[in-house]
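Please build the complete structure, drawing on both the sequences and the hints.
2 protein chains.
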Amino acid sequence: MPAPAFIAGDWGTSHLRLSLCDRGGRVLESRNGPGVGAVKADVAGAFFAQIEPWKQYGALPAVLCGMVGSTIGWREVRYLPCPARPEMIAAGALRFEANGHSITIAPGLSCRNRLMAPDVMRGEETQILGALRLEPQLAQGRQVFCMPGTHTKWVSLKDGVIEHFLTAVSGELYDILYHHSVLVNSKETVDGAAGGAVFKRALEKIKLYPDGELIHLLFEVRSGQLKGEIKQRDAADYLSGLIIGQDVSGAKRFFRADLAESNGVVVVSTPRLGELYAQALRTRDVAVRNIDGDTASLAGLSALYRVLEGVTDAA
Amino acid sequence: MPAPAFIAGDWGTSHLRLSLCDRGGRVLESRNGPGVGAVKADVAGAFFAQIEPWKQYGALPAVLCGMVGSTIGWREVRYLPCPARPEMIAAGALRFEANGHSITIAPGLSCRNRLMAPDVMRGEETQILGALRLEPQLAQGRQVFCMPGTHTKWVSLKDGVIEHFLTAVSGELYDILYHHSVLVNSKETVDGAAGGAVFKRALEKIKLYPDGELIHLLFEVRSGQLKGEIKQRDAADYLSGLIIGQDVSGAKRFFRADLAESNGVVVVSTPRLGELYAQALRTRDVAVRNIDGDTASLAGLSALYRVLEGVTDAA
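In order, the protein sequence lines correspond to chains D and V.
When we follow the working numbering, the leftmost residue of the first sequence carries the number 58, and every step to the right adds one.
When we follow the working numbering, the leftmost residue of the second sequence carries the number 58, and every step to the right adds one.
By construction, these hints were calculated from the structure, which means they are not laboratory data.
There could be a bad hint or two in this list.
It does not matter which identical chain is meant; a pair holds if it fits inside one copy or across any two.
[What the hints assert, rightly or not] Simulated crosslink set (DSSO-like; lysine-lysine; CA at most 27 Å straight-line):
hint, residue 1, residue 2
1, K262, K97
2, K262, K309
3, K309, K264
All of these numbers come straight from a predicted model, not from anything done at the bench.
Next comes the structure, spelled out in structure tokens:
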């Protein structure tokens, strides 16, 4: 095995992904753990418990991104205001020593979005940095990124500068409607938004009613079941299609000018969510390229490591 | 006390309001109880337990409306399809005997709404019947009703005929976002949507961005708190303003033609919700008249009683 050089960690509210990497950023081993939301009391303790199996390699430096840098994380790292170059993330990172390890936490980004609301991200900035390393042509011209998740981010870049972004509460909305509303009987429905025929039907509905509000569209998930037009087991798929369809519909409107300058949308996420968003975007005649979210995170964290440790790309 | 003649009951998912009435529909006594959602196993038993104090007046007939006529209610009553005259409700009611009482349950209404989705109501049809009895001029020309609640109904009437309606999941959405999302820390926020300055600010935001999707507007409830622009205790008010504002915004668009023919909107609900919707509608330059929801229910149930029992209005 090549010599382990550092630990890369994408630590969100609900999930931790830790990778043991060599100097070149190649993954030697990976571990999954609980999000910072689940380890509130002692984030540092949770971190050291997770890396216990890697103790044998010495006190390796760690580079982390995500909610680990928030008020509910390990240490709070300020937001960099947009417009921001992903290369600025390294300079804005927080570095400290813990148990002999050098710990680096990436800063988040903030902006005033197109709805004139303050907006923030934590973790996606590192994925963008990574995506631009993986595919350098994305640092040229106008690029629109869609980064689906609990809080989906729509991001506009111009020549490698993150100009502004917009958050959709799509994942969280799906989750709480699935579990807590009368729309879905979650005990008798298959969760998972399989993206089949019923999901597609919801996308077509949204396309047909671009003026419709989600608040008026959602009730069909229930009334469709009452009237036998939606099977109970398909309710979650229809709900997922309405939410993702409406997210795409609104983003398409608010990023109209950006999309006119770009070659479609780059979707950065897990494969499953990436496929659902790609389907929704293609239904609205937007071209899509998918980049795997974990791969992008890791590329971003590796880039941060190289800058911070002064490792040249030739190393 | 005038002689008790019948029991009127508006029995929804979350609340029961029972009134002991004389032949003229005047309320002699009232009782509040749990909704059918809370007494799932034995709705009949819950009913007779509630009317126990009125046993002394004999086996009075009861006229009920709301979810008590649904699959989770006492007995299921079919939906009348729209267009429907409120006077047709009596003919569509289900009548049966129980413990010597004559029980009548009003039917719900169904339609294909303006988003081409099946739509249903239970209880509001009886409130509309009551509103038209209370204010007979509402049975003339075009009228648009807004009936806020867990599932808000927007209803269009022409010359006393209910032509179509649209459901917004506004109350339910507020409730589950308030209790289960990261947008509001419900433990440190005053619930109740007081309708003050912060509520008004959210309404203005919606007015300023008629193209904005709720899914993109909601995150400001959280980011505004992170950035110190919204106080934690005001988060629920801002959330309420966004949801009610968006509901009104979408309904205004989908009932554009109906509103052009009417003198504004008749809001039928509890006084508190009625005031919030009136504020939202006036922000969007729509004239509003409020009718108390309990008064409308009772007038509707009394009208049903009179028809069913053959009581003339002179009685």
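Status of each hint after checking the structure:
In this assembly of identical chains, K262 and K97 lie within 27 Å of each other by CA distance neither inside one copy nor across copies; the values are 41 Å within and 34 Å between. In this assembly of identical chains, K262 and K309 lie within 27 Å of each other by CA distance both inside one copy and across copies; the values are 16 Å within and 20 Å between. Proximity of K309 to K264 under the C-alpha cut-off of 27 Å is found in both arrangements, the shortest distances being 12 Å within a copy and 20 Å between copies.
Against the hints set out earlier in the document, a violation occurs for number 1 only.
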